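Given next are the chains, with one letter for each unit.
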Amino acid sequence: MELNNEEIRRYSRHLILPEVGLAGQKKIKGASVLCIGAGGLGSPIAMYLAAAGIGKLGIVDFDTVDYSNLQRQILHTDADVGRSKAESAKETIHGINPNCQVVIHNTRISSENALDLIRPYDIVVDGTDNFPTRYLTNDACVLLKKPNVYGSIFRFEGQASVFAPHLGGPCYRCLYPEPPPPGMVPSCAEGGVLGVLPGIIGCIQATEILKLAIGKGTSLVGRLLLFNALDLKFRELKLRRDPQCPICGDHPTIKELIDYETFCGIVPEPENLGNPDEVTVQDMKKALDNPGLGIKVVDVREPDEYEIAKVAGVPLLPLSELPSRFTELDPNTQYYLHCKAGVRSLKALNFLRQQGFKYVKSVQGGITAWSDEIDRNVPRY
Amino acid sequence: MKSTATSRVTDAWTLSKMDSVIANGQPVAAPVPCSLEEFLMAQNLLPRSVVVEHNGEAVAPSEFPQRQIRAGDRLEIVKIVAGG
Numbered sequence: 001m002e003l004n005n006e007e008i009r010r011y012s013r014h015l016i017l018p019e020v021g022l023a024g025q026k027k028i029k030g031a032s033v034l035c036i037g038a039g040g041l042g043s044p045i046a047m048y049l050a051a052a053g054i055g056k057l058g059i060v061d062f063d064t065v066d067y068s069n070l071q072r073q074i075l076h077t078d079a080d081v082g083r084s085k086a087e088s089a090k091e092t093i094h095g096i097n098p099n100c101q102v103v104i105h106n107t108r109i110s111s112e113n114a115l116d117l118i119r120p121y122d123i124v125v126d127g128t129d130n131f132p133t134r135y136l137t138n139d140a141c142v143l144l145k146k147p148n149v150y151g152s153i154f155r156f157e158g159q160a161s162v163f164a165p166h167l168g169g170p171c172y173r174c175l176y177p178e179p180p181p182p183g184m185v186p187s188c189a190e191g192g193v194l195g196v197l198p199g200i201i202g203c204i205q206a207t208e209i210l211k212l213a214i215g216k217g218t219s220l221v222g223r224l225l226l227f228n229a230l231d232l233k234f235r236e237l238k239l240r241r242d243p244q245c246p247i248c249g250d251h252p253t254i255k256e257l258i259d260y261e262t263f264c265g266i267v268p269e270p271e272n273l274g275n276p277d278e279v280t281v282q283d284m285k286k287a288l289d290n291p292g293l294g295i296k297v298v299d300v301r302e303p304d305e306y307e308i309a310k311v312a313g314v315p316l317l318p319l320s321e322l323p324s325r326f327t328e329l330d331p332n333t334q335y336y337l338h339c340k341a342g343v344r345s346l347k348a349l350n351f352l353r354q355q356g357f358k359y360v361k362s363v364q365g366g367i368t369a370w371s372d373e374i375d376r377n378v379p380r381y
Numbered sequence: 001m002k003s004t005a006t007s008r009v010t011d012a013w014t015l016s017k018m019d020s021v022i023a024n025g026q027p028v029a030a031p032v033p034c035s036l037e038e039f040l041m042a043q044n045l046l047p048r049s050v051v052v053e054h055n056g057e058a059v060a061p062s063e064f065p066q067r068q069i070r071a072g073d074r075l076e077i078v079k080i081v082a083g084g
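As given, the protein sequences belong to chains B and G, one line each in that order.
For the first sequence, counting from 1, position 361 maps to 361 in the working numbering; every step adds exactly one.
For the second sequence, counting from 1, position 28 maps to 28 in the working numbering; every step adds exactly one.
The reader is advised that the hints may include incorrect statements.
[To be verified] Distance condition first, Cα-Cα at most 25 Å in a straight line; then the derived BS3-like pairs of lysine-lysine: (1) B/Lys26 <-> B/Lys56; (2) B/Lys358 <-> B/Lys286; (3) G/Lys79 <-> B/Lys238; (4) G/Lys79 <-> B/Lys233; (5) B/Lys216 <-> G/Lys79.
No lab work stands behind these hints: they were computed from the structure.
Quick caveat, the model's predicted, so the values are computed rather than measured.
Isolated chain B, as found in the complex (with noise of 0.2 Å):
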């Protein structure tokens, strides 16, 4: 692996840094990085690792570019709106250094494919948005004992770490044996994500991946990193390989890759549409238009949602609310809860019926599907 007079010259601030010099660029030339998910946190990985000079870097990513992703996910500009992410990536990444070989896997991970792809890589980098892919990421890699740099975000607050069990360390599943039930733990779309936290989280993943290409300092391996941005503080909790791990315990019950949806607790589709509990935004729509239905639609979501987007003749009840204000409402009425996304609307209905109303139904999809199927002139967020 060689230097040309470019890549010289490219790559001096690190070549006169003694810790890297000729030897350590070398190694950052020669390192592949597998970088799952171009969203929040692959956009400041896969920009500065390659900026740095990895040779090559492969990008998993099967979603397209949402105007919602551009508070954040610095890959992808305005004019990349309804492109693949991959695509879009692989053009930014090849603008900063065309040197670095960029592979594109357009694909969603699954147990399926996970092995294939993680295998002709030394580094894997945990960018993704989800509980399943974020077990299944682990589980393949600890299998093919491939260092992960995982990084995760919410809100404010964000975690980093390195797992290794290869290197003495713990796996994700020594941190977190089983997932949250499904709803528990609210996603960036539901709960929102201040735009700057992936770069800050996303650097730190990529500054633990130039770690492991050059072989120096200290690693986040055995450690938990936590960044508050409102605070801004740092701290850090020591992390350590549970014996009695599932995957990379001294008596592993895994031994391959499952069906990550199904342990997540994931109900597959098909199941879901016969939700007796739920109703669609056109039966919303009806009970709006025909007020002799004698059918309320309350809005379950925050106030500061409601500013941003409501439907005409829809009340508010935040589900903060609900414990000390259900008895506004009366248990004798037909209401259709709505919320964003289907998800809290769901919880109100669970809290409204222990109180003993019995007819109440949540509107699927929430605002976001009216807005989708039946009135575009509200705002989607």
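On the provided structure of chain B, position chain G as indicated by the hints.
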């Protein structure tokens, strides 16, 4: 530093010290002595979805049911998040 389980509670300061642990830097009332698993459940936390450091020491989730916590113990607790 550590009170014994049988010592009598005589004033408010002792009471707060007796019945609380320091979780993420804040005093939190706890049914001490109890297991770490019981403490987490009492806090409405999912024991399989949090990382805990107990008095500066890493604790594996499989140890939570056996790990005893006492008044004044320091806990650092982190909840799982998945965003990316």
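Practice problem: Take the C-alpha atoms of B/Lys216 and G/Lys79, compute the straight-line distance between them, and say whether it is at most 25 Å. | Solution: Violated. B/Lys216 to G/Lys79 sits at ~30 Å, over the 25 Å cutoff.
Quiz prompt | Hinted pair G/Lys79 and B/Lys238, Cα distance within 25 Å | solution = Between G/Lys79 and B/Lys238 the Cα gap is close to 15 Å, so the pair holds against 25 Å.
Practice problem: For the pair we were handed, B/Lys26 and B/Lys56, check the Cα-Cα distance against 25 Å. | Solution: Roughly 13 Å between the alpha carbons, so the hint for B/Lys26 and B/Lys56 holds.
Quiz prompt | Hinted pair G/Lys79 and B/Lys233, Cα distance within 25 Å | solution = Distance of about 17 Å is within 25 Å: holds.
Practice problem: Measure nothing beyond the straight line between the CA atoms of B/Lys358 and B/Lys286; if it is 25 Å or shorter, mark the hint as holding. | Solution: holds (20 Å)
This entry does not satisfy hint 5, going by the numbered hints stated previously; all others are met.
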